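Top to bottom, those sequences are chains A and B.
The first sequence begins at 1 in this note's numbering and counts up by one.
The second sequence begins at 1001 in this note's numbering and counts up by one.
Since the hints were derived computationally from the structure, they do not count as laboratory data.
Quantities reported herein were computed from a predicted structural model and do not represent experimental measurements.
Quick reminder that beta carbons are idealized off the backbone N, C-alpha and C, glycines included.
Treat the hints with care, since some could be wrong.
[Said to hold, decoys possible] Derived DEER-like restraints, expressed as beta-carbon distance ranges:
(1) Val-74(A) - Glu-1066(B): 31 to 41 Å
(2) Leu-1160(B) - Phe-141(A): 48 to 58 Å
(3) Gly-1148(B) - Asp-109(A): 52 to 62 Å
(4) Asp-1047(B) - Met-161(A): 50 to 60 Å
(5) Gly-66(A) - Gly-1129(B): 23 to 33 Å
(6) Leu-1160(B) - Gly-146(A): 54 to 64 Å
(7) Ala-70(A) - Ala-1123(B): 35 to 45 Å
(8) Tyr-1153(B) - Asp-62(A): 28 to 38 Å
(9) Asp-1079(B) - Val-106(A): 13 to 23 Å
(10) Ala-70(A) - Pro-1162(B): 11 to 21 Å
(11) Asp-1049(B) - Pro-84(A): 35 to 45 Å
(12) Ser-1088(B) - Pro-67(A): 25 to 35 Å
(13) Thr-1071(B) - Gly-148(A): 33 to 43 Å
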Amino acid sequence: MITTNTKSMRGSDTVGMYPFSARRFFQDLSRNDILLKSLIAFIAFLILSPPAWAQQSISINDISIGPVSADDFVAGGIYIQAQPIYWESDIPWRITVRAGQSNLSVSDDGTYIKPLSDLYWKLTDDETWNPMTQEDNEIEFGREPGEGVIYIDFVLSLDWMRDIAGDYGAEIVFTIQAVD
Amino acid sequence: MHRNLTASFILVAAFFLLVWCPAVNAEADDGSDMSMRIPDVRLIEVDPDYIEFDPSLNDMVSGWTETRTITATVSANADWVLTIKGGSETWDGPYMKPVSDIYWNLAGGDYVALGTQNSMITAGGLSNGTGYDISFRIQLDLSRDLPGDYHYYDVIFELLEP
Chain A
1 MITTNTKSMR
11 GSDTVGMYPF
21 SARRFFQDLS
31 RNDILLKSLI
41 AFIAFLILSP
51 PAWAQQSISI
61 NDISIGPVSA
71 DDFVAGGIYI
81 QAQPIYWESD
91 IPWRITVRAG
101 QSNLSVSDDG
111 TYIKPLSDLY
121 WKLTDDETWN
131 PMTQEDNEIE
141 FGREPGEGVI
151 YIDFVLSLDW
161 MRDIAGDYGA
171 EIVFTIQAVD
Chain B
1001 MHRNLTASFI
1011 LVAAFFLLVW
1021 CPAVNAEADD
1031 GSDMSMRIPD
1041 VRLIEVDPDY
1051 IEFDPSLNDM
1061 VSGWTETRTI
1071 TATVSANADW
1081 VLTIKGGSET
1091 WDGPYMKPVS
1101 DIYWNLAGGD
1111 YVALGTQNSM
1121 ITAGGLSNGT
1131 GYDISFRIQL
1141 DLSRDLPGDY
1151 HYYDVIFELL
1161 EP
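All chains, please: the whole structure from these sequences, using the hints.
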């Protein structure tokens, strides 16, 4: 018989409360088929699901671009080359990129919002530029655990007729995830 | 019975918690703040960057050379004023031919004598390679212009903030 000391539980309702007993637990376990099956399933899950303790990390530096020049406008945009993204994973992995906001901020006078669609990215070794969006876009994936670095280029397009003075930018979010 | 249910509930809850753990643990992210400053940017390009006059006898009599035209191409992400001025008061040559013997006009407008102070040619706003034709002619004077080669350096065009 398990009793509770209701005097020490001021202000509490003691109904249904009891101290945990390992001995009682295993006695119950041996008598209760559902409980036993649950425990077996639980242990099996622990054994068969290593991703539960997977370690993944990713890091990239901030990108500060100097004042835009006339040459950048003439070139049609400002190019940021070979930004390293450091990753580490002990399971199969994929890396995605997305923008943390819907635009590239507002001009000094508040009359112009530079659109997110002015920002593109690509793997340094690739040829194709991809528009930056707020959705996760896969950059790279790998079946082999380990660590490494991948390089990514950005271009911010510039237009004489739109891009008036201002401080522009965005947070670019890189995510490393498990591959299913 | 009550205790069995509670224990079962704890196990089932632990099970489902762990089922969701892979999604929680096996993911990491990092944000990179990308920032840039776009200032007011103004660009002018002049073509050709050298013009030559070859006055004839008729030109000397009429008092004017033929005209030569250059194109000033303006690009800017801000308002601008296009100005012109001479870099020196006189030509290099057999005598001190004054800068004011150089006349310019914009797209068939009135001719204006060049000086060493800025004169406004035209003004505008956001522009992407807009061309402006600027013509020049030189005033001649048989009583002053000694024979020889004359050079005038640095007719200066500037694209300025209004």
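Is 48 to 58 Å right for how far apart the beta carbons of Leu-1160(B) and Phe-141(A) are?
-> Given range 48 to 58 Å: holds, Cβ gap about 53 Å.
When you take the CB atoms of Asp-1079(B) and Val-106(A), is the distance between them in 13 to 23 Å?
-> Cβ of Asp-1079(B) to Cβ of Val-106(A): about 19 Å, so the range 13 to 23 Å holds.
State, for the Cβ atoms of Thr-1071(B) and Gly-148(A), whether the hinted interval 33 to 43 Å holds or is violated.
-> Violated - the Cβ-Cβ distance for Thr-1071(B) and Gly-148(A), about 53 Å, lies outside 33 to 43 Å.
At the C-beta level, are Asp-1047(B) and Met-161(A) separated by a distance inside 50 to 60 Å?
-> Violated, at about 22 Å.
Should the hint that Val-74(A) and Glu-1066(B) are 31 to 41 Å apart at their CB atoms be regarded as holding?
-> 33 Å, holds
Could you see if the CB distance from Ala-70(A) to Pro-1162(B) stays within 11 to 21 Å?
-> 18 Å, holds
Take a look at whether the Cβ-Cβ distance between Gly-66(A) and Gly-1129(B) falls inside 23 to 33 Å.
-> The hint (23 to 33 Å, Cβ to Cβ) holds, given that Gly-66(A) and Gly-1129(B) are roughly 24 Å apart.
CB of Tyr-1153(B) to CB of Asp-62(A), is that within 28 to 38 Å?
-> At roughly 47 Å between Cβ atoms, Asp-62(A) and Tyr-1153(B) fall outside 28 to 38 Å, so the hint is violated.
Confirm or reject the claim that Gly-1148(B) and Asp-109(A) have a C-beta distance inside 52 to 62 Å.
-> The hint (52 to 62 Å, Cβ to Cβ) holds, given that Gly-1148(B) and Asp-109(A) are roughly 55 Å apart.
C-beta pair Ser-1088(B), Pro-67(A): status relative to the range 25 to 35 Å that was hinted = 33 Å, holds
Do the beta carbons of Asp-1049(B) and Pro-84(A) sit within 35 to 45 Å of each other?
-> 43 Å, holds
Does 35 to 45 Å hold as the CB distance between Ala-70(A) and Ala-1123(B), or does it fail?
-> Since Ala-70(A) and Ala-1123(B) have Cβ atoms about 19 Å apart, the given range 35 to 45 Å is violated.
Checked against the numbered hints given earlier, this structure breaks hints 4, 7, 8 and 13; the rest are met.
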